[in-house]
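Colleague: Each chain, letter by letter, is given below.
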Amino acid sequence: MTTEKFVLDLHKTSQRTAASRLQTYCSSQDVLVLDFVEKNFQPSYKNLVMILVVSPNFYQSLKFFFNWETTAPLVERIYKNVISDGEKEHLIVDMFKEVANLSAGHIKSVLNKSNIYSDISLPISMRGYDDLFSSKSNNPKQFTQSWRFEVETSHLIFTSSIESRANLEALEISDDNDDNDNSIEFF
Amino acid sequence: MIKILIADDSETFRSTLLSDLKEEGYQVDEARDGLEAIEKISSGKTYNLIILDVNMPGASGIEVLEQTKTKNLLEKSLVFMLTTDASIELKTKGKALGVRAWITKPYKKEILAQAIKKVFSL
Numbered sequence: 004m005t006t007e008k009f010v011l012d013l014h015k016t017s018q019r020t021a022a023s024r025l026q027t028y029c030s031s032q033d034v035l036v037l038d039f040v041e042k043n044f045q046p047s048y049k050n051l052v053m054i055l056v057v058s059p060n061f062y063q064s065l066k067f068f069f070n071w072e073t074t075a076p077l078v079e080r081i082y083k084n085v086i087s088d089g090e091k092e093h094l095i096v097d098m099f100k101e102v103a104n105l106s107a108g109h110i111k112s113v114l115n116k117s118n119i120y121s122d123i124s125l126p127i128s129m130r131g132y133d134d135l136f137s138s139k140s141n142n143p144k145q146f147t148q149s150w151r152f153e154v155e156t157s158h159l160i161f162t163s164s165i166e167s168r169a170n171l172e173a174l175e176i177s178d179d180n181d182d183n184d185n186s187i188e189f190f
Numbered sequence: 012m013i014k015i016l017i018a019d020d021s022e023t024f025r026s027t028l029l030s031d032l033k034e035e036g037y038q039v040d041e042a043r044d045g046l047e048a049i050e051k052i053s054s055g056k057t058y059n060l061i062i063l064d065v066n067m068p069g070a071s072g073i074e075v076l077e078q079t080k081t082k083n084l085l086e087k088s089l090v091f092m093l094t095t096d097a098s099i100e101l102k103t104k105g106k107a108l109g110v111r112a113w114i115t116k117p118y119k120k121e122i123l124a125q126a127i128k129k130v131f132s133l
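These protein sequence lines are chains A and B, in that order.
Per our numbering, the very first residue in the first sequence carries number 4; after that it's consecutive.
Per our numbering, the very first residue in the second sequence carries number 12; after that it's consecutive.
Just chain B, with the same shape it has in the complex:
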C-alpha cells in the first residue's frame, strides 16, 4: 500500500486532504508543521509520497526538503508541493530539490488523485 505523509499547518486543510486520500485507499500520516515533517521523515519511516505545504511555521516546505535531502532521506520518496504559492522562483527551487509535482491550492480531489496515479503508474 502506498504510504503518504502530508505536512500542512492548517488542521481543517489536513482533515480534508487526509479524508480525500484515505478514500482513495492510501495510508496517510500527517505533520502539523515543517519541523514535525522533518522529524517524521528522519524517524526512519518510509513514505512513498510526501505532500508538503510551503508556507508553514517552524520550517517551510522548501526548508523541509533542503534539510532532509542533505541527509539522503528522500531517496525512496516522491515529493509533491501543495501550496498557494505558484511563483516561478519557488517552483525553480522546488524542481532543483527534486519535487515531482507542484499543485496550486485550492486543489480538486480528482486532480490530486490523477497526479498520484500518474507518478506511481497505477
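Next comes chain A alone, as it looks inside the complex:
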C-alpha cells in the first residue's frame, strides 16, 4: 500500500458516502457526481459546512460548499412543504450539518473496520466567500479532492481534504460495503 493509494481510497469512500447520505436524507433522486477542478473555483458559494475526522495518522476535513438559496428545495423535500424565507437559511445549514454528521459517522465506521482508530467532531457552519473557504495549499502533506454534486435543480461542491500526521503507507481501507446503514442491533 502507498500513501497515494490510501488517500485515493479514502477520498473515494468519502465522496460515495457524502453523495449517498445526501440522497437518502433528502429522499431525492440520484446525486450526479462530477469531478471538480478546484483551480476553477468560481466565486459563487457563500455557505460552508465542515466536519473533521481525526486519526493519529491524519486529519480529514469534509466540506460542503453551497448557497442556501439554490439548495432550499432539498430541505423542502424533508419537510414535504414550502419553507418560509425567514427559516430557509437556518434549516438548509442544519440539513447540511446532519448530512456531514451522517457522512463522517460512516467514514469513522469504515476506518474502524479497517483497524484505523478515528473520531469525529461536531459539524460547524460558516458564511463567507470562496477566498476564505478555499483549501488551496502548498503543503505537500495535504491531499485535496473536490466534486460537484447536482441534485435535481440544486448544486454544491463537496471537498475531502486529508493531511498526513504520520506515515500513511501502512494503512489500508477494507472494502466499504455501503448498505447505507439502517442497521439495528438489540442488546
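Honestly, the hints are just simulated from the structure, not real lab data.
As the structure is a computational prediction, the values presented were derived from the model and not from experiment.
Cβ coordinates follow ideal geometry from the N, Cα and C atoms, glycine included.
Some hints here could point you the wrong way.
Stated by the list, open to error - The following residues of chain A were derived to be distant from chain B, with all beta-carbon distances above 10 Å:
# : residue
1 : Met4
2 : Ser31
3 : Asn142
4 : His158
5 : Glu188
As the list claims (entries may be wrong) - Only pairs whose alpha carbons sit at most 27 Å apart, straight line, appear in this in silico DSSO-like list of lysine-lysine:
# : chain 1 : residue 1 : chain 2 : residue 2
6 : A       : Lys116    : B       : Lys119
7 : B       : Lys56     : B       : Lys87
8 : B       : Lys87     : A       : Lys83
Fit chain B to the known structure of chain A by using the hints.
Modeller: Positioned in the frame of chain A, the structure of chain B alone reads:
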C-alpha cells in the same frame, strides 16, 4: 400511551423523527442537545422510551446516560441509540449503560417502528 423523548441536535432530523413517531401514535417530546435531554429526564417526567443521538453538543448521548443512570433516573425507561456512530467501542459502552437497541442512521421508518413494537411487545 407510550411516551418517547428524542434527543438530537439536528432540527431537520428531529422534525422527521417526530413526525414518523407521531404517525405511529406515540406521544413525543424533544430535546435539542444532551444537556436539555438531561434536564428533561431529571424533571420528573416519565418516558417509556428515550432515543438518543451520540454526537451532540453539551453532552453526548453516552454522557446523558452516564449522568442520568447514576441518579437512577432511567429505571422506568428503555433507551435506543440512533446515531451515525456504529463503532464497537461505543456500542460496548452503551450496552453496559443499559441501551436496549443501537440503530445506525440514516434509519428507515419501518425498521424503527418494528423495533419499538418489539421492545414493548405490541
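Colleague: All hints are to be evaluated individually against the structure, with a verdict given for each.
Modeller: Each hint tested on the structure:
1. Met4: holds, 23 Å
2. Ser31: Given a closest Cβ separation of 13 Å, the condition holds.
3. Asn142: holds, 28 Å
4. His158: holds, 19 Å
5. Glu188: Contrary to the label, A:Glu188 does not stay out of reach of chain B, its closest Cβ about 5 Å off (not over 10 Å).
6. A:Lys116 <-> B:Lys119: Given pair A:Lys116, B:Lys119 holds - Cα atoms ~23 Å apart, limit 27 Å.
7. B:Lys56 <-> B:Lys87: Distance of about 11 Å is within 27 Å: holds.
8. B:Lys87 <-> A:Lys83: Roughly 35 Å between the alpha carbons, so the hint for B:Lys87 and A:Lys83 is violated.
In summary, the structure is inconsistent with hints 5, 8 from the numbered list given earlier, while agreeing with the others.
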